[in-house]
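A.B. asks: Protein chains in written order, with my numbering: chain A, 1 to 251; chain B, 252 to 639.
Simulated from the structure, these hints should not be mistaken for laboratory data. Note that CB positions come from ideal geometry on N, CA and C, so glycine has one too. Treat the hints loosely; a few may be bogus.
What the hints assert, rightly or not - Residues from chain A shown here face chain B by an in silico Cβ test under 8 Å; the list is partial:
| hint | residue |
| --- | --- |
| 1 | Asn21 |
| 2 | Thr22 |
| 3 | Gln26 |
| 4 | Ala27 |
| 5 | Gly30 |
| 6 | Gly31 |
| 7 | Phe41 |
| 8 | Arg44 |
| 9 | Phe69 |
| 10 | Asp83 |
| 11 | Asp102 |
| 12 | Tyr121 |
| 13 | Gln193 |
If you want the building blocks of each chain, they are given just below.
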Amino acid sequence: MRQQKQRLKIDATGIHYKDLNTRLRQAVEGGIEQIDLSNVFGQRYIGTDLHRPVEIYIHGTPGNDLACFLDGPRIVVYGNGQDGCGNTMNGGEVIIHGQAGDATGYSMRGGKVFVRDDVGYRVAIHMKEYEGQRPTIVIGGTAQHFLGEYMAGGVLVVLGLTLRPGERHTANFVGTGMHGGVMYIRGKLEDYQLGKEVGQVPMEEADHTLLRELVQEYAAHFDRDAGDILSQPFTKLIPLSSRPYGRLYAY
Amino acid sequence: MDLISLENRYGDDKVYDACGLIGIMDVSGERFSGRDIVTGITNMEERGNGLGAGFAVYGCYPEYADCYAFHVMFTEPDSRSQVEAFLKENFVLVHAEEVPHQILPELPDPPLIWRYFLHANKKRVVEEKDGDELEYIVDKVMALNTSGLGAYVYSSGKNTGVFKGVGHPAQIAEYFGIEEYAGYLWTAHARFPTNTPGWWGGAHPFALLDWTVVHNGEISSYGANRRYLEMQGYHCTMQTDTEVMAYAADFLMRRHSLPVEVAAKVMAPPLWVEIARMTPENQALARTLRQVYGGLLINGPFTVIIARQGEMIGLTDRIRLRPLTAAARGDRLYLSSEEASIRLVSPELDWVWMPMGGQPIVGRLGELIRPPVGATLSIAAQTLTCAV
Chain A
1 MRQQKQRLKI DATGIHYKDL NTRLRQAVEG GIEQIDLSNV FGQRYIGTDL HRPVEIYIHG
61 TPGNDLACFL DGPRIVVYGN GQDGCGNTMN GGEVIIHGQA GDATGYSMRG GKVFVRDDVG
121 YRVAIHMKEY EGQRPTIVIG GTAQHFLGEY MAGGVLVVLG LTLRPGERHT ANFVGTGMHG
181 GVMYIRGKLE DYQLGKEVGQ VPMEEADHTL LRELVQEYAA HFDRDAGDIL SQPFTKLIPL
241 SSRPYGRLYA Y
Chain B
252 MDLISLENRY GDDKVYDACG LIGIMDVSGE RFSGRDIVTG ITNMEERGNG LGAGFAVYGC
312 YPEYADCYAF HVMFTEPDSR SQVEAFLKEN FVLVHAEEVP HQILPELPDP PLIWRYFLHA
372 NKKRVVEEKD GDELEYIVDK VMALNTSGLG AYVYSSGKNT GVFKGVGHPA QIAEYFGIEE
432 YAGYLWTAHA RFPTNTPGWW GGAHPFALLD WTVVHNGEIS SYGANRRYLE MQGYHCTMQT
492 DTEVMAYAAD FLMRRHSLPV EVAAKVMAPP LWVEIARMTP ENQALARTLR QVYGGLLING
552 PFTVIIARQG EMIGLTDRIR LRPLTAAARG DRLYLSSEEA SIRLVSPELD WVWMPMGGQP
612 IVGRLGELIR PPVGATLSIA AQTLTCAV
């Protein structure tokens, strides 16, 4: 029979992020597998440099670059994320029970981010993929402008569940500079909302399969009905070129 | 010779980050101590590097509520008698004192700072400015700041005070005893200077009359803005880009009486592709504003909190290259670079939202706080105590 996981509680009140991250590192090196952080108020880079599949439960408002370079841990936030959640994250999971700020998934190159509600500007900017590494972001609400800017790979899903009946996504410049990866957006976007470098294409069977899996995961995290979410049509966006600026300086 | 102590006298070895700002307003007008604003800005100390911090407070001088409160910084202490002679010539001096402070070893060489509570000399206001008292005040502030005396008026509103200097927010708060003041509207700043010097006059907030501005970002249009404002009688003497925002606010919203929403469209105008999709009437307005006030388009990334008596305004550049979170709890409106600082002051919030670029968030005395329609927002009832 498997032993119960070793669990640690830390009250983060007044602890500077350097000290907090040092304590997390020491705890994980000492064999701790689950960590509860309470009273988190803006400490940065939580979860960086841990390299093991530990579980971290954050109560409060983690600071910028949450899960920066994350490589293995699973982070659950009971609160809102700030800017740069999942910055250059390589593997693991971030699950945010709230909203997240600008540049969520910035330069992400692996792992999964789930945000229950809305996100800010430039989400998934410069997200990229390579061979087996395919980063994934699922946004439950809607996004602000420059969604998927310069996106170079990975999967970005926007469900629009916070929109009221009849309300539309208002993000403009979606996929500006995008040159890799795919976006699935529940609902419709007007042409003017798209960057010059992306186009809408029909959903195929493989898209439906992937989307079903991701929506089911989202629904399980936040106690929603996946079937309900999937009953509405999605818009699929892909880049028109893998090198949109290849001829920018070629005269 | 120890070159490091000569060239880097504040020991700021940190060379990257961003400014932090926060504002708290009680729209019912209830005054509260500086404790919350100090807590909030100190939590973002990481965003600055110790080369500037400051506070603005509204409602802080009830005993002199009808006087202009000049805070004057002397880089040349000997010039005080000349400055006071100038003030007595142009104003009725009600009260004068050195701004209370306590010397801290971490803050080397603080300048001498005095405050003067003044009434304008009515006769001169009529003679010089045709009775326009506020224009008269602007004129005298500019005259002192460009006098070459080494004296700078960095706060000149009624019942308003700016307290700022070179240091971390907690140090500047301790230096001036910020927690002992009370007001119904507070803003604060932690500075990371990018390309202008870290000196006491260059710390935020920047102020003129009762306008104050705290800013995160870089105004790349500074030269164009400054030239435009010089033509209108505003002189930039603080060696920092943000100064133009304070004067632009005064010019647009006081002198030209533009509503906040219109002034925001001057400073952060819609993009041409957005203008192309507007109704003909709105297109005409947007084009006219860009033509008439092109010199006050603020280019480059910015988030600002602009305040005056009775009003607090949060605004970002049109593509929001710097962060701003707005939140409300009861009668309190919060604006901050980071939500965590708001939560630290008020763990429970009715609303939290991220304002769109170029869209002003305005709190006004006596008006209910409501997030703008269509704002990205989340209802934020969370318990912050660890339940496990």
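A.B. asks: None of the hints should be skipped; say for each whether it holds.
C.D. replies: Evaluation of the provided hints:
1. Asn21: violated (13 Å)
2. Thr22: This hint is violated: threonine 22/A lies away from chain B, its Cβ roughly 16 Å from the closest one there, beyond 8 Å.
3. Gln26: Not OK, violated: glutamine 26/A not within 8 Å of chain B, min 20 Å.
4. Ala27: violated (16 Å)
5. Gly30: Violated, because the Cβ-Cβ distance from glycine 30/A to chain B comes to roughly 20 Å (cut-off 8 Å).
6. Gly31: violated (19 Å)
7. Phe41: holds (5 Å)
8. Arg44: holds (7 Å)
9. Phe69: violated (17 Å)
10. Asp83: holds (6 Å)
11. Asp102: Where the cut-off is 8 Å and the nearest Cβ of chain B is about 6 Å from aspartate 102/A, the hint holds.
12. Tyr121: holds (5 Å)
13. Gln193: Hint on glutamine 193/A: violated, closest Cβ of chain B at ~11 Å, above 8 Å.
Hint compliance for this structure: hints 1, 2, 3, 4, 5, 6, 9, 13 are broken, all remaining hints hold.
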